[in-house]
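**Q** Following the hints, position chain B against chain A.
So you can see what is in the structure, the chains are spelled out below.
2 protein chains.
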Amino acid sequence: MADSIKVFAPASVGNSCVGFDVLGFAVEKPGDELLLRKTEKPGVVIKSIAGDNGQLSTNPTKNTATIAIDAFLKDFGRETGLEVELFKNMPFGSGLGSSAASAVAGAFAANELFGQPYPIEKVLEFAMEGEFFASGAHHADNVAPCLYGGMTLIRSNSPFDVIKIPVPSDLWVVLLYPEVEIKTSEARSLLPYEIPLKTASKQWGNVAGFIAGFMSNDKALISRSMKDYVAEPYRSRLIPGFNECKKSAMDAGAMGFSISGSGPTMFAFCTSEESALEIGKAMSVYYIENKIGHQLFISQINQCGPKVL
Amino acid sequence: MADSIKVFAPASVGNSCVGFDVLGFAVEKPGDELLLRKTEKPGVVIKSIAGDNGQLSTNPTKNTATIAIDAFLKDFGRETGLEVELFKNMPFGSGLGSSAASAVAGAFAANELFGQPYPIEKVLEFAMEGEFFASGAHHADNVAPCLYGGMTLIRSNSPFDVIKIPVPSDLWVVLLYPEVEIKTSEARSLLPYEIPLKTASKQWGNVAGFIAGFMSNDKALISRSMKDYVAEPYRSRLIPGFNECKKSAMDAGAMGFSISGSGPTMFAFCTSEESALEIGKAMSVYYIENKIGHQLFISQINQCGPKVL
Numbered sequence: 000m001a002d003s004i005k006v007f008a009p010a011s012v013g014n015s016c017v018g019f020d021v022l023g024f025a026v027e028k029p030g031d032e033l034l035l036r037k038t039e040k041p042g043v044v045i046k047s048i049a050g051d052n053g054q055l056s057t058n059p060t061k062n063t064a065t066i067a068i069d070a071f072l073k074d075f076g077r078e079t080g081l082e083v084e085l086f087k088n089m090p091f092g093s094g095l096g097s098s099a100a101s102a103v104a105g106a107f108a109a110n111e112l113f114g115q116p117y118p119i120e121k122v123l124e125f126a127m128e129g130e131f132f133a134s135g136a137h138h139a140d141n142v143a144p145c146l147y148g149g150m151t152l153i154r155s156n157s158p159f160d161v162i163k164i165p166v167p168s169d170l171w172v173v174l175l176y177p178e179v180e181i182k183t184s185e186a187r188s189l190l191p192y193e194i195p196l197k198t199a200s201k202q203w204g205n206v207a208g209f210i211a212g213f214m215s216n217d218k219a220l221i222s223r224s225m226k227d228y229v230a231e232p233y234r235s236r237l238i239p240g241f242n243e244c245k246k247s248a249m250d251a252g253a254m255g256f257s258i259s260g261s262g263p264t265m266f267a268f269c270t271s272e273e274s275a276l277e278i279g280k281a282m283s284v285y286y287i288e289n290k291i292g293h294q295l296f297i298s299q300i301n302q303c304g305p306k307v308l
Numbered sequence: 000m001a002d003s004i005k006v007f008a009p010a011s012v013g014n015s016c017v018g019f020d021v022l023g024f025a026v027e028k029p030g031d032e033l034l035l036r037k038t039e040k041p042g043v044v045i046k047s048i049a050g051d052n053g054q055l056s057t058n059p060t061k062n063t064a065t066i067a068i069d070a071f072l073k074d075f076g077r078e079t080g081l082e083v084e085l086f087k088n089m090p091f092g093s094g095l096g097s098s099a100a101s102a103v104a105g106a107f108a109a110n111e112l113f114g115q116p117y118p119i120e121k122v123l124e125f126a127m128e129g130e131f132f133a134s135g136a137h138h139a140d141n142v143a144p145c146l147y148g149g150m151t152l153i154r155s156n157s158p159f160d161v162i163k164i165p166v167p168s169d170l171w172v173v174l175l176y177p178e179v180e181i182k183t184s185e186a187r188s189l190l191p192y193e194i195p196l197k198t199a200s201k202q203w204g205n206v207a208g209f210i211a212g213f214m215s216n217d218k219a220l221i222s223r224s225m226k227d228y229v230a231e232p233y234r235s236r237l238i239p240g241f242n243e244c245k246k247s248a249m250d251a252g253a254m255g256f257s258i259s260g261s262g263p264t265m266f267a268f269c270t271s272e273e274s275a276l277e278i279g280k281a282m283s284v285y286y287i288e289n290k291i292g293h294q295l296f297i298s299q300i301n302q303c304g305p306k307v308l
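These protein sequence lines map, in sequence, to chains A and B.
Just so it is clear: in the first sequence, position 17 is 16 by numbering that gives the first Met the number 0, and no numbers are missing.
Just so it is clear: in the second sequence, position 192 is 191 by numbering that gives the first Met the number 0, and no numbers are missing.
Okay, chain A solo, but in the shape it has when bound (with noise of 0.2 Å):
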């Protein structure tokens, strides 16, 4: 057995539109890098982190990678020593799952430096204790299709019950990141507690059509069922810049748009790399002409999760 492995994780867009804390996917690109080695003194170190700008604590019960390495290593026993380089190599706070991410890398890593002991669903919650660390959250809807890879469905986050949804193998995601920071914290408490039950009943309704639209690779179904009227609405107010680039991405013909999380970080869907350059060139106008800083990732949907380097 190899005495050291290097694992990607993906970024992964949560809530997908309208699947409001039941939906996610992940994509190709950006994505995490994780270097695990097995040392001769017993415990979890982190030996260095890159691309975080310093900000990230390399404290390893401070840092949601080790967190979750040590919540395998808790089950698997602790007898070895492990050291960890991070390469983050996304913004965090930007509403992609950069710590679901870091979670995944450091959960998958162990268990594949350790000759898989474990299935997916107990990966998954080695990964979720770190993930609560940094979210407070025992939500799954970036874990989840982090770990999984595709359009997953968190039916229920306790017991978790996850669900691949076939992709359309030609759909291209643009996602744009405006370089301004939004706490998940924040944008969850401007959403309102109650809902009327017709909103509700109007959004479960494109549940089932954005659904059903990915599983007949129906993608007129996919668009029509892509209208959010739940968190977007709220959202949206804190992203500048969102109404033109909504508005720009639609007028080049994205199949639709929304935002990744809690954001800043939208997404538009696309039938095919040709129109998701259009797209995303045409979604950079606003943030170019207002000089705001801003990055633009142009992938498929990531089918596998995390993959070994």
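Honestly, the hints are just simulated from the structure, not real lab data.
Watch out, some of these pointers could steer you wrong.
Treat identical chains as interchangeable: a pair holds within one or across any two.
List time: in silico DSS-like cross-link candidates among lysine-lysine, alpha-carbon distance up to 30 Å [said to hold, decoys possible]:
(1) Lys218 to Lys201
(2) Lys218 to Lys197
(3) Lys5 to Lys121
(4) Lys218 to Lys163
(5) Lys37 to Lys121
(6) Lys121 to Lys197
(7) Lys280 to Lys246
(8) Lys40 to Lys5
(9) Lys40 to Lys73
(10) Lys121 to Lys218
(11) Lys197 to Lys61
(12) Lys201 to Lys163
(13) Lys201 to Lys121
(14) Lys40 to Lys306
(15) Lys121 to Lys226
(16) Lys226 to Lys201
(17) Lys182 to Lys28
(18) Lys197 to Lys163
(19) Lys280 to Lys290
(20) Lys218 to Lys28
(21) Lys197 to Lys226
Just so you know, these numbers come straight off a predicted model, no measurement behind them.
**A** For chain B alone, coordinates are given in the frame of chain A:
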């Protein structure tokens, strides 16, 4: 072209447990029959209604079937006279979409009698005019499944967006109608105007699981997803023996159990005819013991909607 036609239109189960106002499915039985005959004298008349114990009006402006036929004729041209014989083969006020079945029977019969001048989307609109008279609502959660057959998603009522969801071929349905009347308006007024967002997101998680289960023939997933947080907790109180009936059905092996539309009819999903017969027997026990009149219907899901007899 024939001078008369006789058609069957099925009963339907609105909501289908988790899909409040957006899902519904049709059954093989019970259902209404309608005979439509061309006459010399212009205008639509009701010649007879059987099976209604004299409760339905024979005034064609006050009957869902003839209102739907009239809507057809208004669009198609009024020159022909038509007379209707209606055979009500299901209880009304039962939550089985009795008014929708008559409306669909009327609109479908007219469209067939005149050589199918309209596509199904237009027949839906004619039938909805009848349904609107009966229920005052523009929800198609009975008319759509009755007309399209199978499990239908009514993603939007304005404009109508009806999606047919594939149904596992070995799914059976038990319907038990306890003979107490519940007005749709009363059942609706019990429901809260608003629901907690947390409850709503659990519901759409289940709606998503329910749809995914149907589309992938995953009965365990359908079963896990059949928990209605929205209507059943309120409406079940109006139904004598609901808790006992549900427990009996689940103990006897039902996949899931809930209320049909606004009740009082209840339905159970089962995985075979034998199991459906067993479950139907178990569901009846409370009503037999308590001497409450009831009717039991066991059939598969109707896959094709109304048919010419």
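**Q** Provide an ascending list of the numbers of those earlier hints which the structure does not satisfy.
**A** none
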